[in-house]
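Trainee: Position chain B against the provided structure of chain A, taking the given hints into account.
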Amino acid sequence: MSTPIPAAAAGRRFDRKRPDIASGLFTGLTGLATFGILAILAAILGNILYHGLPGLSWRFVSTIPRKDMFEPESAAVLSMIVGTSIRVMIMTIFVIPIGVITAVYLTEYAASGSIYTRIIRVAIANLAGVPSIVFGLFGLGFFINFIGKNLDQLTHQSGPLFGKPTVLWASLTLAVMTMPVVIVATEEALKAIPPGLREASLALGATKLETILKIVLPNALPGILTGAILAISRAAGEVAPILFTGVAYYMADLPSKLTDQFMDLGYHAFVLSTQSDNIEKTRPILYATVLVLLMLTFSLNAIGIIVRARIRKAMRAGH
Amino acid sequence: MGCSIRASPFRSARPDPTQPFPRLPHRYSDTAKRPSGWMGIHRGHNARPLEWIAEKFIFTVSLSAIAMVFLIFLFVGREALPVFLGDTDSALVQTVIPSKDMEKIAPDRLARYLGMSVSELKTKDADTLRTMMEIREEAANEVPAAVRDDKDATANTTEWKYLLKPHQWTGYSKPEYIWQPVSAIHKYNLVPLVIGSLKTTLIGLAFAVPLSLAAAIYVSQLAPPSWKEWIKPGIEFLSGIPSVVLGAFAFLVLAGFLHDIFGYRYRLNAFVAGIALGLTAVPLIFSIAEDALTSVPRSYVQAALALGASKWQTAWQVVLPAAAPGVFAAIVLGFGRCIGETMVVLIASGNASVVSWDIFDSTRSLTATIAAEMAEAVNGGHHYRVLFMLGTMLFAVTFATNLLGDAVMHRLKKQR
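Going down the list, the protein sequences come from chains A and B. Mapping of the first sequence onto the numbering used here: position 308 corresponds to residue 308, and the numbering continues sequentially without gaps. Mapping of the second sequence onto the numbering used here: position 118 corresponds to residue 437, and the numbering continues sequentially without gaps.
Since the hints were derived computationally from the structure, they do not count as laboratory data. Note that the structure is predicted; figures quoted are calculated from it, not measured. Treat the hints with care, as some may be off.
Between beta-carbon pairs, the in silico distance windows are [stated by the list, open to error]:
#1 A:Thr63 <-> B:Ala719: 40 to 50 Å
#2 B:Phe376 <-> A:Ser57: 48 to 58 Å
#3 B:Met421 <-> A:Ile64: 48 to 58 Å
Non-contacting residues of chain B with respect to chain A, defined by C-beta distances greater than 12 Å in every case (computed) [claimed, not checked]:
#4 Asp408
#5 Pro463
#6 Asp471
#7 Glu478
#8 Lys480
#9 Leu483
#10 Thr489
#11 Leu509
#12 Tyr583
#13 Val673
#14 Ser675
#15 Ile678
#16 Ala694
Simulated crosslink set (DSS-like; lysine-lysine; CA at most 27 Å straight-line) [unchecked claim]:
#17 B:Lys551 <-> A:Lys313
#18 A:Lys191 <-> B:Lys732
#19 A:Lys149 <-> A:Lys214
#20 B:Lys443 <-> A:Lys149
#21 B:Lys733 <-> B:Lys551
#22 B:Lys547 <-> A:Lys191
#23 A:Lys214 <-> B:Lys375
#24 B:Lys732 <-> A:Lys313
#25 A:Lys191 <-> A:Lys214
#26 A:Lys164 <-> B:Lys443
#27 A:Lys149 <-> B:Lys441
#28 B:Lys732 <-> B:Lys551
#29 A:Lys191 <-> B:Lys375
#30 B:Lys547 <-> A:Lys313
#31 B:Lys484 <-> A:Lys191
#32 A:Lys164 <-> B:Lys441
#33 B:Lys547 <-> B:Lys732
#34 B:Lys733 <-> A:Lys191
All C-beta atoms in this analysis are idealised placements derived from N, C-alpha and C, irrespective of residue type, glycine included.
Next comes chain A alone, as it looks inside the complex (with noise of 0.2 Å):
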């Protein structure tokens, strides 16, 4: 009946039998690409953690330095560890209901092929491309020399104020930076509500407003917040954008006011990596400046991410 398969055809290609020795070299090599990212992860973990421990203590982290900063006697992070808090919070004050509320546009009320979404979703990729160094300009452009100058012009500062690096002006860079992880991240959030809950809300009588207001954003709020975990935890490791906005090389005290500078976590790996004159006596306060830097980003990183796991199976279970 049928015809029979030629010799040639039947080759060897459809020869299960022999091994495939192409497709393992293949999946060998991948395999080993993959793993080798891994490692190198864990290498880079693994010995900071090794060398950082040893050189961690309580007075550490928790005192004022007032000494040398170089010497491991009376090397300490406090004031950082306070400063690198101070600017992601203000940072988080202003980043979050921008970021939110452009979020609900993006999926509540714009229409998915308009040319403004097109704009703004463009605008938005544009920006978590932008250097972070660009940022550090941007803030010396616009809100020191622009429009902190013109503040002190318009009331009348004996001296600079608002037209030098503060810690407000290192702030509000950071939020123009964080704000596509925020809206991203809401986006996400919001799409994961299932439409019938808003349909249902609409369909007892709820406005859009009260709709958005009283259904989406309550069920998105774990969204929100991973958003706001992520972008911290992105902004507390950033150092380019501050250098020039409101970092401080030393400062006998905490910062008190939003015109105040403040050191900063990052800054100081930096300063200890490239201004110590004797790298083997300041090794191990590098180590322990970099791992309470890791911690910090890490413990609000994990976070981040099983939040938004579980939001993600959520949406899964949703559809």
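Mentor: Positioned in the frame of chain A, the structure of chain B alone reads:
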């Protein structure tokens, strides 16, 4: 009673199957294509001013992302504008205007002479201006005679020919590209910095692209599905490491480790910085490429396997070409990431501005230059302006790569 289901008004509202189905608005939005009156307020019984205000407010706020991109371009560019327009003068010895001639010269010329804008000039009184001019005069007289007689002392080094072309400075045997902004004669040649940036970026990509593409192929095509859930977040965890930490790691560990293998001369060099830079790009490239590879329709793979292709032939000759635009976008965005990275290069590259393509030479990138020198540049001075010009260039380059990468990814999403 007579009120049967058959007589229910809902029955009659049922669509007639012979008629085409009525078009429904594709979103639940009540603003979609509704007739509305002046500014959308007078909509009969549907008028809801609060809703209208809220919607307009939300729309306005959502434009802030666009506004920010604009403002960045505007204000970084604004500080650099005098260099682009040729309005800065960085010559060491300038024609001195005697302070007694102050009243005779035009305000815009005076403003430029004193390095301020015309509006700033108006806020100062005559005595202050006279003092400033006297200071300029004294400073000019204090320049040592040997330097003053230098043929380059009157050269405005922010002109394009000095910025881009090699110049034979006094004391050099041949024309050279030199970036030396803090010497007596400010040398602002951009070529060493551009080469430094490109060199570290290309080393970083040469390291990151094969590694992350291989990992993306493995995770999306070859790995057991249950592993994927662990490997993917694992690699993306790398993006959570702050770049200053990667820089410090490169400085503390990587430099020594690679030195033991390659035995190069300078401990911190383009190669060390490039590898560390690659590590910052790996999670980005991996994540985009993996997404692109995963979204290749499963039927392609099944068809290839059914035709007798082996697993690696399927992955290499079917899946990878089908995902090529996504992979391209990943590489383009990785390039933008690498060329804009600051702290890693600042800490690990050695920061010597030399023109050399040797990967084991110390090097200085655009980003590191801005970060390291802004603190010592006078606000509003020529050094400051040139650094902002570097920033504008960086922004332009990353803007282009982002647009390109985004356009490719958008087209992909549309197709699927």
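Trainee: Taking only the CA atoms, is the gap from Lys733 (chain B) to Lys551 (chain B) under or equal to 27 Å?
Mentor: This hinted pair holds, its Cα atoms lying about 25 Å apart.
Trainee: Taking 12 Å as the cut and beta carbons as the points, is Leu483 (chain B) off the interface with chain A?
Mentor: 21 Å, holds
Trainee: The output says Asp471 (chain B) does not contact chain A. Does that hold with a beta carbon cutoff of 12 Å?
Mentor: 29 Å, holds
Trainee: Can you tell me whether the CB distance of Met421 (chain B) to Ile64 (chain A) sits inside 48 to 58 Å?
Mentor: Roughly 50 Å apart at Cβ, these two residues keep to the hinted range, so it holds.
Trainee: Next pair to validate is Lys732 (chain B) with Lys313 (chain A); report whether the Cα-Cα distance is within 27 Å.
Mentor: 22 Å, holds
Trainee: Using the beta carbons of Phe376 (chain B) and Ser57 (chain A), state whether their distance is inside 48 to 58 Å or not.
Mentor: Roughly 51 Å apart at Cβ, these two residues keep to the hinted range, so it holds.
Trainee: Measure nothing beyond the straight line between the CA atoms of Lys149 (chain A) and Lys441 (chain B); if it is 27 Å or shorter, mark the hint as holding.
Mentor: Holds, at about 16 Å.
Trainee: Please verify that the nearest CB of chain A lies beyond 12 Å from Ala694 (chain B)'s CB.
Mentor: 7 Å, violated
Trainee: What's the verdict on Lys149 (chain A) and Lys214 (chain A), does the C-alpha distance respect the 27 Å limit or exceed it?
Mentor: Violated - the C-alpha atoms of Lys214 (chain A) and Lys149 (chain A) are around 42 Å apart, more than 27 Å.
Trainee: Confirm or reject the statement that Thr489 (chain B) sits farther than 12 Å, beta carbon to beta carbon, from all of chain A.
Mentor: 32 Å, holds
Trainee: Measuring Cβ to Cβ, find out whether Tyr583 (chain B) lies farther than 12 Å from everything in chain A.
Mentor: Its Cβ never comes within 12 Å of chain A, the nearest being 19 Å, so this holds.
Trainee: Given the hinted pair Lys214 (chain A) and Lys375 (chain B), is their Cα-Cα distance within 27 Å?
Mentor: Holds. Lys214 (chain A) to Lys375 (chain B) sits at ~19 Å (cutoff 27 Å).
Comparing the model with each numbered hint stated earlier shows that hints 16, 19, 31 do not hold.
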